[in-house]
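Turn these sequences into a full structure, and let the hints steer you where they fit.
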Amino acid sequence: MKTPVRVKTLTIDGQEVGAREDQTILEVARENGIEIPTLCWLAGLSPVGACRLCLVEVRGVARLLPACVTRVEEGMEVTAHSERLAAYRRSILELLFAERNHVCSVCVSNGHCDLQAIAMKLDMTHVHFPYQYPRLPVDASHERFVIDHNRCILCTRCVRVCDEIEGAHTWDVIARGVECRVITDLNQPWGSSESCTGCGKCVQVCPTGALSEKGRSVAEMSKRRQFLPYLTLMREGRR
Amino acid sequence: MSGKIRLATVWLDGCSGCHMSVLDTDERLIELAQKMTVVWGPYVDHKEFPPDVDVTLVEGAVSSQEDLHKIRMVRERTRTLVSLGDCAVTGNVPAMRNPFGVDAVLQRAYLENATLDAQIPRETIPMLEARVRPVHEVVQVDVYVPGCPPSAELIYSVLSALVEGKEASPRARFG
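Taken in sequence, the protein lines are chains A and S. Numbering-wise, our numbering puts 93 at position 93 of the first sequence, and it's gapless, one number per residue. Just add 239 to the spot in the second sequence (first one is 1) and you have our numbering.
Take these hints with a grain of salt, some might be off.
Partial pick of chain A residues on the chain S-facing surface, computed with a CB cut under 8 Å [claimed, not checked]:
id : residue
1  : 105
2  : 107
3  : 110
4  : 117
5  : 135
If you anchor each label on the Cβ, the simulated ranges turn out as follows [claimed, not checked]:
id : chain 1 : residue 1 : chain 2 : residue 2 : range
6  : A       : 140       : S       : 272       : 41 to 51 Å
7  : A       : 86        : S       : 335       : 27 to 37 Å
8  : A       : 198       : S       : 272       : 50 to 60 Å
9  : S       : 361       : A       : 79        : 50 to 60 Å
10 : A       : 120       : S       : 335       : 13 to 23 Å
11 : S       : 366       : A       : 195       : 49 to 59 Å
Below, simulated SDA-like cross-link-like pairs (lysine to any residue); rule was C-alpha separation at most 20 Å, straight line [unchecked claim]:
id : chain 1 : residue 1 : chain 2 : residue 2
12 : A       : 121       : S       : 392
13 : A       : 8         : A       : 24
14 : S       : 405       : A       : 125
15 : A       : 121       : S       : 390
16 : A       : 121       : S       : 410
17 : A       : 223       : S       : 412
18 : A       : 223       : A       : 145
Everything labelled a hint here was simulated from the structure, so no lab data went into it. A virtual CB, placed ideally from N, CA and C, is assigned to each residue, including glycine.
Here it is as structure tokens:
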């Protein structure tokens, strides 16, 4: 017998909304037309709360909570938009830009980049932090794809799509802090990976120009993500 | 003067594309010229940066000792300083040398790639700074205009606000 769906009621930015008890604040907000910015979240992949752009205020909770991994609760009073949140979100973006070498004008993803688009949407005028200019590698050893660590924001979409959808788990994350990087197999050149099936799903879900197809020049790398919700839908209940 | 603002433009480490994009405002320049006088910059032949400038558009990042000297002087003499384009706002392409360091860059450009009389110039041209920096890391900036280059439409919207003494808050993406 099916268990009945429990409904929770809460408010987001003063608007009363109803939700299933298993939903996150982000899902409910989007269902109700309340836009909360995200970078690491992607429909069809499990949420991880990595980018922190979706931080929201919840009344009675001192710290900010990531909307993508926070379940709704009865009577919750959520603030998704405030001056404080806008300032934090801009700072997070600026730190992402300062941390690596994001040179939009010469990037394969110029004009098709989630990071670039969100920076404009959230009114980031410039980066207040000193740029770090780390010296990072570009791995073009794969036959068809390239990873440019200069553009990576460590959202782990590639890691999750490879593990959860393709089932190969070629990608993973190594080290911590500023040393943190995505790797293929046992931290070896992508082209020598034995687990990579060459499906390219990682490239398509990457929000920036970190993962791209070979042969794409500046601004030529637009991503195709339509496959993801479809694949997830077809697999539902079969996990 | 007849209520015209005094405008200067400065070209630091950039490709001149932002200056070109200003010219791409085409016939709207005639309208803007009724409200502003260009007192210094690559468009005009004035030798000394004058005092008492209302608006200065800065193209390019701060790369050399000359850039550093120039932008500090410009800041002192300017009321509203505008970072025009990605090089001024973010460092952009000129800053791509930063991960390698200035020595490696000079070595590559003047020694490894030279075919005749290879030497690193030490006189008559300005010394490079150790790091290329966006303008706001050196002096206070009042308006940020992103883009590589910023579109003529964006530049026009900024200039037409500034010549009226209004605030400009341009919205566009980097790149």
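The hints, checked one at a time:
Hint status for residue 105 of chain A: holds, given a least beta-carbon distance of 3 Å to chain S, under 8 Å. Annotation: interface hint on residue 107 of chain A holds; nearest CB of chain S at approximately 7 Å, less than 8 Å. A least Cβ separation of about 4 Å between residue 110 of chain A and chain S falls short of the 8 Å threshold, and the interface hint therefore holds. A least Cβ separation of about 7 Å between residue 117 of chain A and chain S falls short of the 8 Å threshold, and the interface hint therefore holds.
With 8 Å as the threshold, the beta carbon of residue 135 of chain A comes within range of chain S, its nearest partner Cβ sitting at about 4 Å, so the hint holds. Hint check: residue 140 of chain A to residue 272 of chain S, Cβ distance near 50 Å, so the stated range 41 to 51 Å holds. Under the hint 27 to 37 Å, the C-beta atoms of residue 86 of chain A and residue 335 of chain S, about 31 Å apart, fit the expected range. Separation of residue 198 of chain A from residue 272 of chain S is about 58 Å and conforms to the stated range, judged on CB atoms against 50 to 60 Å.
Checking the proposed 50 to 60 Å range against residue 361 of chain S and residue 79 of chain A shows it holds: the Cβ atoms sit about 59 Å from each other. As the Cβ distance of residue 120 of chain A to residue 335 of chain S is approximately 22 Å, the hint placing it in 13 to 23 Å holds. For residue 366 of chain S and residue 195 of chain A, the Cβ-Cβ distance of about 50 Å falls inside the hinted range of 49 to 59 Å, so the restraint holds. This hinted pair checks out: residue 121 of chain A and residue 392 of chain S have alpha carbons roughly 19 Å apart, not beyond 20 Å.
Note on residue 8 of chain A and residue 24 of chain A: the hinted pairing holds, with a Cα-Cα distance of about 11 Å set against a maximum of 20 Å. Pair hint residue 405 of chain S plus residue 125 of chain A holds up; C-alpha atoms about 18 Å apart against a cutoff of 20 Å. Annotation: proposed proximity of residue 121 of chain A to residue 390 of chain S holds, straight-line Cα distance about 18 Å (limit 20 Å). Restraint check for residue 121 of chain A and residue 410 of chain S: the C-alpha separation of about 9 Å stays at or below 20 Å, so the hint holds.
This hinted pair checks out: residue 223 of chain A and residue 412 of chain S have alpha carbons roughly 18 Å apart, not beyond 20 Å. For the given pair, residue 223 of chain A sits about 13 Å from residue 145 of chain A by alpha-carbon distance, which is consistent with the 20 Å threshold.
Every hint, counting from the list given before, is met by this structure.
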